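Chain by chain, the residues:
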Amino acid sequence: MSTAPNKPSQAKQTQQGFVYLPLIAGWLIPGAGHFVLGKWIRGAILAVCIIAMFILGLAMQGKLYTSAQDILDMLGVAGDLGSGLLYFISRIMGLGGEPVRTTVADYGTKFIVVAGLLNIIAAVDAHNLRTGRKAS
Amino acid sequence: MIHPSHFTAVLLFALFASTVFGITMRDTPRRMFRYGAYCFILFIGSTIVLSWVMFLIAR
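Chains Z and G, in that order, give the protein sequences. If you're matching positions, the first sequence starts at 185 in my numbering and goes up one per residue. If you're matching positions, the second sequence starts at 5 in my numbering and goes up one per residue.
Each hint should be verified, as a subset may be incorrect.
As the list claims (entries may be wrong) - Simulated pairs of lysine to any residue, SDA-like, Cα-Cα distance not exceeding 20 Å:
hint, chain 1, residue 1, chain 2, residue 2
1, Z, Lys-318, G, Tyr-39
2, Z, Lys-223, G, Pro-33
3, Z, Lys-223, G, Phe-37
4, Z, Lys-318, G, Arg-34
5, Z, Lys-294, G, Pro-33
6, Z, Lys-318, Z, Ile-229
7, Z, Lys-294, G, His-10
8, Z, Lys-318, G, Met-36
Since the hints were made in silico from the structure, they are not lab data. All figures in this text were calculated on a predicted structure; none of them were measured in a lab.
So here's chain G without its partners, still in its complex pose:
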């Protein structure tokens, strides 16, 4: 059994989901990579922003 930290879980989730999104939503390898990277950054960025928002709301 593994117990990753919450951020590690987010990183793994974003990595796998972004890779599948990139491959399935675009036609060429270059565009696949770019779209995958875009999704990955959006996943991680939105997680960090929402985490700070919840932290500030909770104070």
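Bound-form chain Z, shown alone:
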């Protein structure tokens, strides 16, 4: 009989800790989910893309959805909320509050919504990496 102690497998090591941490961190701060997992370059690229898209949207005088009066507004709020802290900080700073008057401002609104949706995709990707559903 072998008396050597069993080494914990790599899979068990990766399953330790709070499984949803990359998902929540990635939602709150773009790229943070990948940073938690040590994927620094991927996290940095995702952060740059999502934050740049959000800021460009605001710079184009895009609107932040604040109330859900009809179904389209509800979808807009859901998309905007995907940006996590970026959305709440922008609301606190009073950004994106002006009504859309130009075509470019409408593009800006779409930039903000899509930045939130892309952030959700990135956070779910970090969660899949954490759980092992995605290989690497």
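Mind docking chain G on chain Z? Use the hints.
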């Protein structure tokens, strides 16, 4: 405040969206780059084609 042209806005949108798609939908860096480039080309190509279609319809 910035006021990019419509095509510049499309380029920026396609660049950022394709990069996120590439990183999140593929496993290896090489496949990520290829898928990102594929999405970018599809974004820009479909925009140009649809723009011409709308231009011809409007005439």
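For each hint, the structure was consulted:
no. : hint                  : in the structure
1   : Z:Lys-318 / G:Tyr-39  : holds (16 Å)
2   : Z:Lys-223 / G:Pro-33  : holds (12 Å)
3   : Z:Lys-223 / G:Phe-37  : holds (16 Å)
4   : Z:Lys-318 / G:Arg-34  : holds (16 Å)
5   : Z:Lys-294 / G:Pro-33  : violated (29 Å)
6   : Z:Lys-318 / Z:Ile-229 : holds (19 Å)
7   : Z:Lys-294 / G:His-10  : holds (13 Å)
8   : Z:Lys-318 / G:Met-36  : holds (13 Å)
Hint violations for this structure: number 5 only, all remaining hints satisfied.
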